[in-house]
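J.: Listed here are the chains, written in short residue letters.
Protein chains: 2
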Amino acid sequence: MTTPLQNDLYLRALNRQETPRTPVWVMRQAGRYLPEYLKVRAQAGDFMTLCSTPELACEVTLQPINRFNLDAAILFSDILTIPDAMGLGLHFETGEGPKFSHPVRTRADVEKLPIPDPNDKLRYVMDAVSTIRTELNGRVPLIGFSGSPWTLATYMVEGGGSKDFSKVKGMLFSDPATLHELLDRTAQSVISYLNAQVDSGAQALMVFDTWGGVLSPANYREFSLHYMQQIVDGLTREADGRKVPVVLFTKNGGQWLDIMANTGCDGLGVDWTMDLADARARIGERVALQGNLDPSVLYGSPESIRTEVKRVLDSYGAGPGHVFNLGHGIHQHVDPEHLGVMVEAVRTLSAR
Amino acid sequence: MTTPLQNDLYLRALNRQETPRTPVWVMRQAGRYLPEYLKVRAQAGDFMTLCSTPELACEVTLQPINRFNLDAAILFSDILTIPDAMGLGLHFETGEGPKFSHPVRTRADVEKLPIPDPNDKLRYVMDAVSTIRTELNGRVPLIGFSGSPWTLATYMVEGGGSKDFSKVKGMLFSDPATLHELLDRTAQSVISYLNAQVDSGAQALMVFDTWGGVLSPANYREFSLHYMQQIVDGLTREADGRKVPVVLFTKNGGQWLDIMANTGCDGLGVDWTMDLADARARIGERVALQGNLDPSVLYGSPESIRTEVKRVLDSYGAGPGHVFNLGHGIHQHVDPEHLGVMVEAVRTLSAR
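Chains E and G, in that order, are what the protein sequence lines are. Here the first sequence is numbered in the numbering used here, starting from 70 and rising by one per residue. Here the second sequence is numbered in the numbering used here, starting from 70 and rising by one per residue.
Chain E on its own, in the form it takes in the complex (with noise of 0.2 angstroms):
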């Protein structure tokens, strides 16, 4: 029934198994540096017309693919999709990212959010896995991701992006329970978002926890590790008789690469500040690691670009278990062929 996958270099890679090359793809890689997803996105009129329209969140996850035949596909898509299918009210602010016209503040406030059901107000994401999943043909893998409990809960509390989070920290420092009560909901929502992703045809899957590294060593093991544990715990696994891997990236979150890799997940993501020998020589052969090239490196001159991704592959090392990446997400103002450099590099200099 299935198409089988003609390049799963990035699903053998996330289960440690040898490659004849280092599998590469790019956080952001659909997105506003392409010329022709402005083209689409200006087609749809706004953002979340976009990301809930299967036909056009399709042609923009796919456009990267046929631009710079990367090994893997991600579901173009917004993290903020559940607080707004719990009733937050997202919407987009010119130049101010997004918003939530009712943020969570309160006990009671806790206390109303439904756990979405994933295939009522999210149908649009699931039909948008489904129809990329089906025009893939099984080129390469689709990447099915969500925000963590405490990178969602912070958009929640403080009612869209913060520069100190004073909003959720206050509730977690005085009122700690209630935070606990919206990151539980936060995480079953995860969950069942995560899982009917996986049944509409993801075949890896990410949770991004953008703010975890705003939190101290105990609060993020408290507020951010405990409920992507949870996560981990709640996913399906396997479909189509494959294992459906799971990777973690807490950006700023390298010292803690030890407990992350002890949740049982396949791969842990790493932000460019760590050297991926250090990341490694910390968790061992437990997991796979998908990073880490400073996404500025792309600003710099084709030369410096092969520099740096060489510089990247080196610190990795021999070995099964690397998947090329950014270490966050690709900026808006770089030059697509330089991206195109970068990804030739890596297939060129990470060949055995």
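A portion of the hints provided could be inaccurate.
Since copy identity is lost for identical chains, a pair holds within one copy or between any two.
[As the list claims (entries may be wrong)] Keeping only pairs whose Cα atoms sit at most 30 angstroms apart, straight-line, the calculated DSSO-like set for lysine-lysine is:
#  : residue 1 : residue 2
1  : Lys-168   : Lys-232
2  : Lys-232   : Lys-320
3  : Lys-320   : Lys-168
4  : Lys-232   : Lys-181
5  : Lys-236   : Lys-320
6  : Lys-236   : Lys-190
7  : Lys-168   : Lys-236
8  : Lys-379   : Lys-236
9  : Lys-379   : Lys-320
10 : Lys-320   : Lys-190
11 : Lys-232   : Lys-379
12 : Lys-181   : Lys-168
13 : Lys-108   : Lys-236
The set of hints was computed from the structure by calculation and includes no laboratory data.
Since the structure of chain E is provided, determine the placement of chain G on it from the hints.
T.: For chain G alone, kept in the frame of chain E given last:
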């Protein structure tokens, strides 16, 4: 000639000498969370007038000492005084943070940059230092400070604050020689600026590397730490027959504490994303540690503030060499009473 210090706990702790309790001060302790500060700020009219009027700078420097009996005063000034004195045209746009009228983008821009004479264009800072030292009258030591060369360079090249540091990292990767020339001139300027602060009365020095943590490990060593090493090597380390300790602080630089300690500095600032026990395990007995309560703890209840203060003190554990501080500057919207709770908790819980 100089008034003897009545409270030298801070200097003793930085020298890793025994103290009857842990000394405490707070980054950005003179600032917008204090109503008495806002009053003087309004009187001054604008921020740079406040910095450049020695009597007003002195007044706000002493406000938190008077209110909380902290164990050290820190010069009230801006970190961008050096680039301003180099001719970049510092100004503040409402709600937008600092901006430079003449950012540094090319080799020619860099080669035009003078090393400012601290007793000419930066005379107002030296006057503030000597005024504060006189007014302190030996109550507590006075800390002088500067931004690190890398941190200053980010503002100089970007023309202000930045989210992704695209311009300065573009220079780093495509024209590293120009960036090195900029950093070298800036480091020379910082050395003469800090030495002039010591000549004017500063009794300890701190270098704030706010943005070193956005670099990869290799880039951090080459573009930030290398120049902080130059500074440590070039500083006057004794005044009034007493050692002038130097503290380096790289935000999000926890994993580099070991190489930072090798510079020969006396203390390291630690942000809240690392346990002090781990930090101490990394640096051994080489340097003192300053930190590291999450500034957001002060949004919590008095009870939770005491719990978290205890956690930090316990994490450092027994033995000398700890200066209590927040892991970053105090937030603007904190209730000053909460800082009072924190200070009192440090005094009580650390008494030996």
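J.: All hints are to be evaluated individually against the structure, with a verdict given for each.
T.: Comparing the hints with the structure gives:
1. Lys-168 to Lys-232: both (14 angstroms within a copy, 19 angstroms between copies)
2. Lys-232 to Lys-320: both (15 angstroms within a copy, 15 angstroms between copies)
3. Lys-320 to Lys-168: both (22 angstroms within a copy, 28 angstroms between copies)
4. Lys-232 to Lys-181: Within. Shortest intra-copy distance 27 angstroms satisfies the 30 angstroms Cα cut-off; inter-copy 35 angstroms does not.
5. Lys-236 to Lys-320: both (20 angstroms within a copy, 22 angstroms between copies)
6. Lys-236 to Lys-190: within (28 angstroms within a copy, 42 angstroms between copies)
7. Lys-168 to Lys-236: Both, since 14 angstroms and 28 angstroms are each at most 30 angstroms.
8. Lys-379 to Lys-236: between (42 angstroms within a copy, 23 angstroms between copies)
9. Lys-379 to Lys-320: both (22 angstroms within a copy, 28 angstroms between copies)
10. Lys-320 to Lys-190: within (29 angstroms within a copy, 41 angstroms between copies)
11. Lys-232 to Lys-379: between (34 angstroms within a copy, 26 angstroms between copies)
12. Lys-181 to Lys-168: The answer is within: 19 angstroms in one copy meets 30 angstroms, while 44 angstroms across copies does not.
13. Lys-108 to Lys-236: between (37 angstroms within a copy, 26 angstroms between copies)
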